[in-house]
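Chains as they are written, first to last, in the numbering used here: chain A, 1 to 463; chain B, 464 to 830.
It is worth saying that the hints were derived from the structure and are not from the lab. Among the clues, some could well be false.
Claimed, not checked - A short list of chain A residues far from chain B (calculated; beta carbon distances all over 12 Å): (1) D59; (2) R86; (3) I87; (4) R124; (5) D195.
To be verified - Quick look at which bits of chain B chain A covers, simulated, 3 or more residues with Cβ under 8 Å: (6) 588-598; (7) 788-802.
Claimed, not checked - Computed, partial: chain A to chain B, Cβ under 7 Å: (8) I27; (9) F30; (10) T70; (11) S77; (12) A80; (13) M82; (14) E84; (15) T96; (16) T99; (17) E125; (18) A186.
Source: prediction; values computed, not measured. Positions of the beta carbon are idealized from the N, C-alpha and C atoms, including for glycine.
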Amino acid sequence: MSEARVAPSLRRRLVVRLLGLAAVLAIILFIAVRFSAETASEATLDAVLGVATASIADDLRSGEDGAQVTLPAETFSMLAAMGEERIFYRILIGGTTMTGYDDLPLPRDTPTAVAPVFYSRSYREADLRLAAVSRNLIIDSRPATALVIVGQTREGQRVIAQQLANRAAMLGLFVFLLAIPASLVAATSLLRPLDRLAEAMARRGPRDLRPVRHPVPEELAPLIGALNSFIARLKSTLAQTETFIAEAAHHIRTPLATLRSEVELALRLAKDEPMRQRLRRLLRTVDEGSRSAGQLLDHATVLYRAEQQVFADVDLGAIARGLVDRYRTTADLKDIRLTLDKPAGAVPVTGDAVLLEAALRNLIDNAIKYSAEEAEIHVSLAISEQTAIFRCEDEGRGLDGAVDSKLRGRFQRGRNVEDVVGSGLGLTIVAEAVEAMGGSFSLAARPEGGTCATLTMPLAAKS
Amino acid sequence: MSNLHKAQLGTVRLSANACQRLLRLAALTSAMLLGIVSQTASAFDIEAERRFGDPNATRSIDVLSTTDINVFSPVIEGFIAARPDIAVNYIVASSQEVFNAIETDRAAVDVVISSAMDLQMKLANDGRARALPAGILEGRPAWARWRDTLVAVAQEPAVLLVARKALDGGLPMPRSRRDVIALLRDHPDRFKGRIGTYDPKVSGAGYLFATQDAQLGETFWRLAEVMGRLDTRLYCCSSDMIEALLSGELLLAYNVLGSYSRKDDLYREKVILVEPEDFTVTLLRTALIPQEAKNPGDGGVFLAYLLSPAGQSLVREAAGLPLIDPRVYAEKPHLRPIRLDPGLLAQLDTMTRKRFLEEWQAAMEQP
């Protein structure tokens, strides 16, 4: 299977995006506070400046020789109080500067008596905020328009706005720093269902084709749906294949049995020695075919049941006992001594009785098949901690250096077995059956000659 | 405002001493015009000028001040002793001339010290002063400085001087303006024509005191009415009022700069100094470094010395000027320092000034 192309880690991408968001939020906070602090304080200070200017305009009155005014010192003091501001003013009547700074900038719009006009200008190397108020006077029995302009620097306001903004920036930085662990935690918790799913998938056995029932977040549901439908398709394909093999094997076995009895009959009737030899070879070929068909059927059964995973508590001891009893006759034909050594009580394991029976049967069958006449086969069952250990030791031809893992491949046989009928499926059946039930199987050469097949199964949990 | 100096010449009621002073000033002015005392090329009127320190010193500063040379020289001598490498050219001019020198003539002096707070404030507000070197403003109380351009170097209460013989016959000692009003009302014959105060039309300090008085309490206008009725004499300067008190010409002088009080026994025998308990307006002598300063760094060094403990003790002991010290206000709660802020600009306004002086004139000249 080829490795999937690996995109950047989801966790890293999530953390980077969250941090980016936090940084943007911090900057927005800084700008927003700076802006709103400036706007709010400007509105407040404008109101004060407007009232101060209007009060000066109110004090304007016509005297004996033109207009009269007394500038209120207190008002100037107050306007200058915040941040020791600089104050500039100008009073015009009918467009002529009466007093104050005669070059103080005029407003663009003409103010009315009701609403002052505010504007900002640069004057004498200072940034001024100015308010202008106009008022109508009667001077020398003629109406005249007076314009009062008062300007102040706003350094104190700027300092305070800057301080507020700095505080907001600190807050933003704090939020950003806080966001680092928070986004790590968030990314981890967001990705936890994915991690769990990956873990659950990794835990599955290679033949576990049950649909995924693991609870997943809504967003992963389509993926799981697709995966499950994929599994279902795979399963149905496999099932079809296995059913086909089983049926094929079954259909072959029946005519083979008929063929065998016909060949046996022909052998009995044949007098001609070359013909008899030919018939014997035919009989042997038929046997091989029949056995292969049987093993194929067995293998299909094992695959099917391994997939079903319907397990119960089974007494391994009883299965071993039954099999040894069943094979005694076969062993006796070759004068092989078949012995069983097992604990007195039951050896309960969790598994499928049919699978266990198939595994054990194949091991005992192999041992008998590859043993010479008058040899000894020792079958033993033991309990070690939480596992049941089944061993089948023979004095046969051994493995001839073949590796266990190779032998359990489908249709693989050792190099030293040409004279014995076999399909190459026996060890495959054993390994697949045992591994489907969480057990293990190994094959080793015995130092004194012969082979030791070891099969372990976890003991059933005590209820 | 700029024609204040000319107004001095045209003032109607000037004392004899004031006239002498004017003559002296005129002499000095002509001397300057002749180039005798002319180190600083300038268009403004200089009253006096003296160079302190090593004549060959490579570094020198020009200090333009309203304080008389003999009052301030101990402080400058102290500075020369501390920094012999810097020579000081000390120039004295009236407060209005000091203002004109900086505002109009752009005189290239390094330090400006003036008792006219309002004019100094206008210079600072209008951007004619440069930022003082860092460190000078450190530890200065907020009321004794403005922004980073203006700093107070001394403070002077405006006091009431009473001749001892004015109280002959067991008259009560006046402690407040109310007392003064009562005293003058009860004894118009004794005080008629023998009261003196600043002429606010002529004197910048006098105008400042009068406007502050008017702002701080209503008693001022009542007092002005009473003083007007008793033919109060108007003076240009504190020293003239003190001389008139000593000569017996005056019995009572209102709003006199306390620092001009002499310390000799004759003076103490004849004159009682009263700081009115309702409030005593206190003026701040302020210093700034103008934009055109040629040597602002050494100007800053000079100001730093002036504000150092050594400089301040000379200011107090040798020059007799009270210090900028917040503790003074704890001891004398009646002292009201004139607020050093743009509020001063309001009184400086020509229309406001015209209106105030009209009121004053009306109080002084009663039918």
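Assertion that R86(A) lies farther than 12 Å from chain B (Cβ): violated, 5 Å
Interface exclusion of D59(A) relative to chain B, criterion Cβ beyond 12 Å: Check fails; 10 Å does not lie beyond 12 Å.
Given hint T96(A) near chain B, where the shortest CB pair must fall under 7 Å: violated, 13 Å
When the least beta-carbon distance from M82(A) to chain B is tested against 7 Å, hint result: violated, 11 Å
Restraint outcome when E84(A) is required to lie within 7 Å of chain B by C-beta distance: holds, 5 Å
Annotated coverage of the region 788-802 of chain B by chain A, confirmed only when three residues or more have a Cβ within 8 Å: violated (count 1)
Hint check: 7 Å Cβ-Cβ cutoff, I27(A) to chain B: violated, 33 Å
12 Å Cβ clearance of R124(A) from chain B: Violated, because the least Cβ-Cβ distance between R124(A) and chain B comes to about 5 Å, which does not exceed 12 Å.
Distal placement of I87(A) relative to chain B, Cβ over 12 Å: violated, 4 Å
Given hint T99(A) near chain B, where the shortest CB pair must fall under 7 Å: holds, 4 Å
Hinted contact A80(A) with chain B - closest CB pair below 7 Å: holds, 4 Å
Status of the T70(A) interface restraint (C-beta, 7 Å, chain B): holds, 5 Å
In terms of the numbered hints stated before, the structure departs from hints 1, 2, 3, 4, 7, 8, 9, 13, 15, 18, listed from lowest to highest.
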